[in-house]
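Asker: Go by the hints and put chain X onto chain C.
Here's the letter readout for the chains.
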Amino acid sequence: MTQNKFNRRDFIKLSAVGLAAAAGARLIEEVQASGAEKGKHQWAMVINQSKCTGCEQCSLACNANNDINPAMRWNKVLKDGTVKGNQVYVPRPCMQCENAPCVEVCPVGASYYRDDGIVMMDYEKCIGCRYCQVACPYDARVFNWESFEGENPYVPEWGDPEVERRPRGVPEKCSFCYQRIDRGLELGLVPGEDPAATPVCVVACPTGARIFGDLNDPNSKVSQALRENPSYRLRENLGTKPRVYYLPVKDNVITEG
Amino acid sequence: MKTIIKTIRENIFTPWGLWLAILGLFLFSALIAGIAVFWKGLVITNLTDLVPWGLWITIDLSAIALAAGAFSMCAIVYLFGLKRYEPLARTATFIGFTGYSMAMMALLLDIGRPDRFWKSFVFWNTHSLLWEVTMCVLLYFTVLLLEVMPIFASFDWLRNKYPKLAAKMEHMHHYAPVLAIFGLALSSLHQSSLGAVYGVIKARPIWYRPEMSVLFMFTAILGGVSLTLLASMLAARLTSKARINDMLIERVSQVLGYMMIGYLYWRFWDWLAQTYTYEPGRTEAFEILTKGQLSFNFWFGEMLFGALLPTIILLYKPLRQAPLWRMLAFAMIVGGVVAFRFDTNIVGFLAVIPYIPGDMAVQYTTYTPSFVEWAAGLGIIAFGLLAFSVGAKYLRIVDHRLVSEEHEPVMVKAGEVVAGD
Chain C
1 MTQNKFNRRD FIKLSAVGLA AAAGARLIEE VQASGAEKGK HQWAMVINQS
51 KCTGCEQCSL ACNANNDINP AMRWNKVLKD GTVKGNQVYV PRPCMQCENA
101 PCVEVCPVGA SYYRDDGIVM MDYEKCIGCR YCQVACPYDA RVFNWESFEG
151 ENPYVPEWGD PEVERRPRGV PEKCSFCYQR IDRGLELGLV PGEDPAATPV
201 CVVACPTGAR IFGDLNDPNS KVSQALRENP SYRLRENLGT KPRVYYLPVK
251 DNVITEG
Chain X
1 MKTIIKTIRE NIFTPWGLWL AILGLFLFSA LIAGIAVFWK GLVITNLTDL
51 VPWGLWITID LSAIALAAGA FSMCAIVYLF GLKRYEPLAR TATFIGFTGY
101 SMAMMALLLD IGRPDRFWKS FVFWNTHSLL WEVTMCVLLY FTVLLLEVMP
151 IFASFDWLRN KYPKLAAKME HMHHYAPVLA IFGLALSSLH QSSLGAVYGV
201 IKARPIWYRP EMSVLFMFTA ILGGVSLTLL ASMLAARLTS KARINDMLIE
251 RVSQVLGYMM IGYLYWRFWD WLAQTYTYEP GRTEAFEILT KGQLSFNFWF
301 GEMLFGALLP TIILLYKPLR QAPLWRMLAF AMIVGGVVAF RFDTNIVGFL
351 AVIPYIPGDM AVQYTTYTPS FVEWAAGLGI IAFGLLAFSV GAKYLRIVDH
401 RLVSEEHEPV MVKAGEVVAG D
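If you read the protein sequences in the order shown, they are chains C and X. Take the first sequence: its position 141, counting from 1, is numbered 141 in the numbering used here, and each next residue is one higher. Take the second sequence: its position 327, counting from 1, is numbered 327 in the numbering used here, and each next residue is one higher.
Only chain C is shown next, with the shape it has when bound in the complex:
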């Protein structure tokens, strides 16, 4: 038996060492992975459902500015029951989760966190496996089943494209208009205050139902709104910690009929 290069005992030892190493590495990683690195700004959006009329102008502006296929939506406006006979809406951009399932599951790291909390897509890295789409609790990702050729019907009426069109075979999603935020900050503007530095859906909303700003700034509009009003987030029980907050409809705001 002694000539055997690999006997059972060696195998068990080797497996045990291997398993312990794997488990240890995993644990360390688990500790490191809890929450993304947080930078100076923490962008958030607050949507006041009392003010939303479901006109979908946010979606149209989004589709124009982000040059999205008209068959697809990054921002959906969904119906949310009624209060005193009035239809209530839930506009749904990407939730920019603090614990984003899409970032966790992406095998190549094409989905990632920016330090300001935005969940980004690297469209060059993505292999198109769609695991992120499977994992997203909010149906926020849309896949490019075919390439988007030709003119965007919402341009120029609803805005001009500010980002590159995505190729066929990758999923895409709302990015809080990171391009507007980054450019605005460079110009010394304040996202949430200056329209040019604010996500286009917020700017386009005719009733001012959406507000945007920095959670790290106690005087920002979002911080104030969240301090002064009751708010909720979608599927909060999952622990994803979305950065999109909703102010529910108050009974006294909407009048009957």
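Hints in this document: simulated from the structure, not taken from any laboratory. Note that the Cβ used here is the ideal one computed from N, Cα and C, for glycine as well. Any given hint might turn out to be false.
Stated by the list, open to error - Cβ-to-Cβ under 7 Å is the rule here; a few derived chain X residues that face chain C:
no. : residue
1   : Gly41
2   : Asp49
3   : His127
4   : Trp131
5   : Thr134
6   : Ile201
7   : Ala203
8   : Tyr355
As the list claims (entries may be wrong) - The following label-pair restraints were derived from C-beta to C-beta distances:
no. : chain 1 : residue 1 : chain 2 : residue 2 : range
9   : C       : Pro70     : X       : Leu158    : 55 to 65 Å
10  : C       : Phe148    : X       : Leu108    : 21 to 31 Å
11  : C       : Gly81     : X       : Thr365    : 15 to 25 Å
12  : C       : Asn7      : X       : Pro323    : 34 to 44 Å
13  : X       : Val43     : C       : Glu164    : 17 to 27 Å
14  : X       : Met360    : C       : Lys40     : 30 to 40 Å
Answerer: Below, chain X alone, put in the same frame as chain C:
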């Protein structure tokens, strides 16, 4: 050219020729379908944003599961030292190699950017289970490649033409125990984490349960070993090139029968636990499985024919010893594993989980694979059948005479002296 036509004309009406012709037809249509998918994109499938994973993922999952005979048999032979099962390990290794090739073909079709497949090896998100699966599959495919080398070395043409190369490939057999260790480790990792790929998705509560990884591992071993045994027995009936030792197969199938009891036990508690309390999305999905459009698959495909009946056949000696009944049992287990993978994947999508607080009614969607998906999928299966057929005919992958010595334990009476080394 003339000789080729002549050979075809002479052989097309033999059973072998017809078999090749049928497989060729499927392969050809799959080639067309594959080109169409690469040309037009995934828009020609019936996949949607609500059902992004469909038939091809099922084929991928099933091919990997049914390839698990390779690591199971290699572990039994080279690590647990049950040398007499070595010929079965040879068959299983070849099937494993074929299975992983099929899985990779299915994946290449399924990803939106097949031109970037290499990025999955270069860019790592170690937090992702799919990353882990990708890495293990890549490494294990390498292990399988080394493991099948001695098999390819037995190809007569290669032996005659390149004897030195054949000898080198044959030599890989000396590393079989080391390769078996790697195979067991890598397979234990990715076979179960393939289940966890679904099991960690909190957004879809029907999947979100720890049993997923255990069940995937369990079904992989059961299905993989069953397919190995079924293919061996079928080959022995269809070609004189394949020779089996029925006693070996019968022994393994009895063990398989006991493992099936373990599987049924798991499935029972897994099933029962899900009938309790209402949870949006999970309860509806579970009803699709047990009462709705997947109920036939579930009760007959997975449970009755996929688990219960084969368990009885494999554990009831008279039935187990009848080759036809035994083959039927293997086929049913294989079918049950495929049904389990198909149902598991699709049920998570069919009930669309609500996230709108004022409207928590669960929406339903449907999915039927498109013609292109079927054509490409059947072609991948045809590839697997072709590989095995050619292997059985030319590479002696089913040949239980390859090990002549039997290492039966010698029964010794107390006090008797055994002459030996």
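Asker: Decide, hint by hint, whether the structure agrees.
Answerer: So, going through the hints one by one against the coordinates:
no., hint, in the structure
1, Gly41, "5 Å, holds"
2, Asp49, "6 Å, holds"
3, His127, "6 Å, holds"
4, Trp131, "4 Å, holds"
5, Thr134, "6 Å, holds"
6, Ile201, "5 Å, holds"
7, Ala203, "3 Å, holds"
8, Tyr355, "5 Å, holds"
9, C:Pro70 / X:Leu158: 55 to 65 Å, "57 Å, holds"
10, C:Phe148 / X:Leu108: 21 to 31 Å, "24 Å, holds"
11, C:Gly81 / X:Thr365: 15 to 25 Å, "22 Å, holds"
12, C:Asn7 / X:Pro323: 34 to 44 Å, "36 Å, holds"
13, X:Val43 / C:Glu164: 17 to 27 Å, "21 Å, holds"
14, X:Met360 / C:Lys40: 30 to 40 Å, "38 Å, holds"
When the structure is compared with the earlier hints, no violation turns up for any of them.
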